[in-house]
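Asker: Chains A and B, in that order, give the protein sequences. Residue 59 is where the first sequence starts when you use our numbering, and the numbers rise one by one after that. Residue 59 is where the second sequence starts when you use our numbering, and the numbers rise one by one after that.
These aren't lab readings, by the way, just hints derived from the structure by calculation. Please read all numbers here as calculations on a predicted model, not as lab measurements. It cannot be assumed that every hint is accurate.
[Claimed, not checked] Now the stretches of chain A that chain B is said to cover, found in silico as 3 or more residues with beta-carbon under 8 Å:
id, segment
1, 78-89
2, 101-108
3, 121-133
4, 156-166
[To be verified] Selected chain B positions facing chain A (in silico; Cβ < 10 Å):
id, residue
5, V146
6, L167
7, Y284
[To be verified] Partial list, computed: chain B residues near chain A (C-beta under 8 Å):
id, residue
8, V122
9, V278
10, Y299
Just so it is clear, CB atoms sit at the ideal spot from N, CA and C, and this is done for glycine as well.
Protein chains: 2
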Amino acid sequence: MSEQKSPALKYHELHRGKLQVTPIMDLQTKEDLNLAYTPGVAEPCLEIVKDKALAYNYTLKGRVVAIVTDGSAVLGLGNISALPALPVMEGKAALLYKFSGIEAFPICLDTQDPDKIIETVINIAPTFGAIMLEDISAPNCVRIERELQDKLDIPVFHDDQHGTAIVVSAAMLNVARLTKKHLDELKVVVSGTGAAGSNVIRMLNLLGIKSVYAYNIHGVVNRKDYDKYDFVVKELLDANYISDPEGNINSLEDLMKGKDVFIGLSAPNLLNEKMVKGMNPNPIIFALANPIPEIMPQLARKAGATIIGTGRSDYPNQINNVLVFPGLMKGALQAKAKSITLEMKLAAAYCLADLIKDKELSPEYILPSVFDERVCDSIAAACYKAATKKPSRKKA
Amino acid sequence: MSEQKSPALKYHELHRGKLQVTPIMDLQTKEDLNLAYTPGVAEPCLEIVKDKALAYNYTLKGRVVAIVTDGSAVLGLGNISALPALPVMEGKAALLYKFSGIEAFPICLDTQDPDKIIETVINIAPTFGAIMLEDISAPNCVRIERELQDKLDIPVFHDDQHGTAIVVSAAMLNVARLTKKHLDELKVVVSGTGAAGSNVIRMLNLLGIKSVYAYNIHGVVNRKDYDKYDFVVKELLDANYISDPEGNINSLEDLMKGKDVFIGLSAPNLLNEKMVKGMNPNPIIFALANPIPEIMPQLARKAGATIIGTGRSDYPNQINNVLVFPGLMKGALQAKAKSITLEMKLAAAYCLADLIKDKELSPEYILPSVFDERVCDSIAAACYKAATKKPSRKKA
Numbered sequence: 059m060s061e062q063k064s065p066a067l068k069y070h071e072l073h074r075g076k077l078q079v080t081p082i083m084d085l086q087t088k089e090d091l092n093l094a095y096t097p098g099v100a101e102p103c104l105e106i107v108k109d110k111a112l113a114y115n116y117t118l119k120g121r122v123v124a125i126v127t128d129g130s131a132v133l134g135l136g137n138i139s140a141l142p143a144l145p146v147m148e149g150k151a152a153l154l155y156k157f158s159g160i161e162a163f164p165i166c167l168d169t170q171d172p173d174k175i176i177e178t179v180i181n182i183a184p185t186f187g188a189i190m191l192e193d194i195s196a197p198n199c200v201r202i203e204r205e206l207q208d209k210l211d212i213p214v215f216h217d218d219q220h221g222t223a224i225v226v227s228a229a230m231l232n233v234a235r236l237t238k239k240h241l242d243e244l245k246v247v248v249s250g251t252g253a254a255g256s257n258v259i260r261m262l263n264l265l266g267i268k269s270v271y272a273y274n275i276h277g278v279v280n281r282k283d284y285d286k287y288d289f290v291v292k293e294l295l296d297a298n299y300i301s302d303p304e305g306n307i308n309s310l311e312d313l314m315k316g317k318d319v320f321i322g323l324s325a326p327n328l329l330n331e332k333m334v335k336g337m338n339p340n341p342i343i344f345a346l347a348n349p350i351p352e353i354m355p356q357l358a359r360k361a362g363a364t365i366i367g368t369g370r371s372d373y374p375n376q377i378n379n380v381l382v383f384p385g386l387m388k389g390a391l392q393a394k395a396k397s398i399t400l401e402m403k404l405a406a407a408y409c410l411a412d413l414i415k416d417k418e419l420s421p422e423y424i425l426p427s428v429f430d431e432r433v434c435d436s437i438a439a440a441c442y443k444a445a446t447k448k449p450s451r452k453k454a
Numbered sequence: 059m060s061e062q063k064s065p066a067l068k069y070h071e072l073h074r075g076k077l078q079v080t081p082i083m084d085l086q087t088k089e090d091l092n093l094a095y096t097p098g099v100a101e102p103c104l105e106i107v108k109d110k111a112l113a114y115n116y117t118l119k120g121r122v123v124a125i126v127t128d129g130s131a132v133l134g135l136g137n138i139s140a141l142p143a144l145p146v147m148e149g150k151a152a153l154l155y156k157f158s159g160i161e162a163f164p165i166c167l168d169t170q171d172p173d174k175i176i177e178t179v180i181n182i183a184p185t186f187g188a189i190m191l192e193d194i195s196a197p198n199c200v201r202i203e204r205e206l207q208d209k210l211d212i213p214v215f216h217d218d219q220h221g222t223a224i225v226v227s228a229a230m231l232n233v234a235r236l237t238k239k240h241l242d243e244l245k246v247v248v249s250g251t252g253a254a255g256s257n258v259i260r261m262l263n264l265l266g267i268k269s270v271y272a273y274n275i276h277g278v279v280n281r282k283d284y285d286k287y288d289f290v291v292k293e294l295l296d297a298n299y300i301s302d303p304e305g306n307i308n309s310l311e312d313l314m315k316g317k318d319v320f321i322g323l324s325a326p327n328l329l330n331e332k333m334v335k336g337m338n339p340n341p342i343i344f345a346l347a348n349p350i351p352e353i354m355p356q357l358a359r360k361a362g363a364t365i366i367g368t369g370r371s372d373y374p375n376q377i378n379n380v381l382v383f384p385g386l387m388k389g390a391l392q393a394k395a396k397s398i399t400l401e402m403k404l405a406a407a408y409c410l411a412d413l414i415k416d417k418e419l420s421p422e423y424i425l426p427s428v429f430d431e432r433v434c435d436s437i438a439a440a441c442y443k444a445a446t447k448k449p450s451r452k453k454a
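In isolation and in its complexed conformation, chain A is listed as follows (with noise of 0.2 Å):
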């Protein structure tokens, strides 16, 4: 039996799981046990009832952050419930770990329905230094989000809305400094509404990109067609974050005509050589659905695409959320922030742009690799600086 076993099933079964929780002291003598537990722990306590800020200083709340799950769309196994997602969850924790050196505790939670999360991630909050919440599916993770940012005073941050985009934007930033356009000629498709798509769409927006165009599941997306929308895309329509296509446009092939960017974040295969070459010169592909993308980087190359970025390891320009999510997190620790801001968002994704000085830059090296030392502890330093940074009347 064993021996059939592939190697991430072995690798799973050796220690069961891939976190682990342990004292950092070792508790031998009397003495120690006295200052750990009863009657020394009593301090402690006693200076946190004082001041909660206390906490920071002298319990875990300021190094860990909570990993929380429905389960409802896991990777790309879509909805498997609470326990099946405490595999990735533990991964997440150790990749966040590795880049940072933050730990973090998965919690998996046994309820799919938006306000049970909202109150049970409440009741758990003490805990924690900052709430990551991790595959809930699209439009549940915008409110839960954002309710919970409301009403907890630590950071709550769904790296699936958040970190793309953030990445995205940064992957923008260079596309305009290699082709020498300002972000507010490029005329972008955005395919995918969801959690990661709707955020692409407002950070590109903020940005400075005027017209960025979407496509989902209901086709093209315009005003006139409004009531279909998830509230998601309704707001975006409302705050004129998508532009309208011009004329009677109802395909993804003539939505694309005449653009120079396009973003995938929806479905395998989407995309075919027609369509890019339909294209503006010199088009630029982010075929970003994993593992299999919109378009394989060599087809989209065959039709003309000129940068060409994936999800994916195994080709040039990889965007992928760990490039952003450890730093972000760090700095939000280390400023002990309330609340993760458009600020430090935005702050992430310039500085992460910028980590590609101009004479490295190039359409093969938009972004920095994920094992680029330099990424983490550069995009905490911006974060915590956004953070800390006293509120001016300049809207970001």
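We have chain A already, so just place chain B on it with the hints.
Answerer: Using the frame of chain A, we list chain B on its own:
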């Protein structure tokens, strides 16, 4: 500033708390990441979708328990709320690990509403192999534990209720052995009917002690005052687990006359010499209020007590929950038990008592030391056996 801090505060500040959550394996290479996270992680997820029990093989679930508090009855500190209780919960987790190797993560709940506590713990349960409730005030703790154990398929254990009761039971077994008395001859007074006291009363009855009298904040417990009591005391009266005092007895002093054993889980300095002198010859005193017992051992001895126990480490016969919960949790997790049964608790009590051989047994040595290395694994084995034994018709 820092120089003036006490050793306990410095100890807690050094690493910012006492627990760490870290990856077990180094994630060095891309291959490591492929196994620990995507794409490899999908395999254990899908295995657990097929069979939830495999979470015990592929995740931390089988290794980690939650230590859950609402901060309502913390050690000697009382109702200090969730966050200030975190140092105690980290300490309890550290103790559990030190004595058993079982890992634990603290969850401090920002609610003291029993229904919300129950719902929250149910919602977060998938991550954990067992739930240890901690420092939740009575009588809520009783209802919370029962409903959770009823609704969850993992062990739920409130140490404050059962830990002390199991250790006191072991002590009473050895008192009977040492004094060559039958348990059903002993007349016992229990002072305090909260979380610990009520369960001491219950377990003493289950051990075969027939005369258990109780004293609490309302005075001597008796049937005619039934309506005064909380539901826990009412249940004990309904089950005839609390004996009605003979005649019209209203004071603790009168209640103790003619009794053999006093067990205090109540308040410092409640007893005086005269009360002890009024007991039967060679009285036995377990004065477990902490840190100041119901009567100091030297005073009890002066008044004639022959066997004396306290909760303190600086006197013989320390009645300390740490003798039980590590082994009980270890055995329960090893057995993948779905609940903590009465059989497991009784097995723990008998096992703990039996660790002291006849020739070793003395008035100053009726329980093993908390540092006795045999204790955890012996109790774990006894509980494992009790948990995995086929149910018989015999009532334990």
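Asker: Hey, does the V122/B contact hint survive, CB to chain A under 8 Å?
Answerer: 6 Å, holds
Asker: Return the status of the interface hint for Y299/B: holds when the least beta-carbon distance to chain A is below 8 Å, violated otherwise.
Answerer: 30 Å, violated
Asker: Using 10 Å as the Cβ threshold, decide whether V146/B counts as touching chain A.
Answerer: 5 Å, holds
Asker: Quick check: the segment 156-166 of chain A, covered by chain B? Criterion 3+ residues, Cβ under 8 Å.
Answerer: holds (count 7)
Asker: With 10 Å as the cut and Cβ atoms as the points, is L167/B at the interface with chain A?
Answerer: 5 Å, holds
Asker: Take the segment 121-133 of chain A, compare each residue's beta carbon with every beta carbon of chain B, and decide whether three or more fall closer than 8 Å.
Answerer: n = 4 at 8 Å, threshold three: holds.
Asker: Tell me if V278/B is really an interface residue toward chain A, meaning its C-beta lies closer than 8 Å to one of theirs.
Answerer: 31 Å, violated
Asker: Count the residues of the segment 78-89 of chain A whose CB lies closer than 8 Å to any CB of chain B, then report whether that count reaches three.
Answerer: Holds, because 8 residues of the segment 78-89 of chain A bring their Cβ atoms closer than 8 Å to Cβ atoms of chain B.
Asker: Holds or violated: is the Cβ of Y284/B closer than 10 Å to a Cβ in chain A?
Answerer: 35 Å, violated
Asker: Do three or more residues of the segment 101-108 of chain A come closer than 8 Å to chain B, measuring C-beta to C-beta?
Answerer: Check passed, 7 qualifying residues.
In summary, the structure is inconsistent with hints 7, 9 and 10 from the numbered list given earlier, while agreeing with the others.
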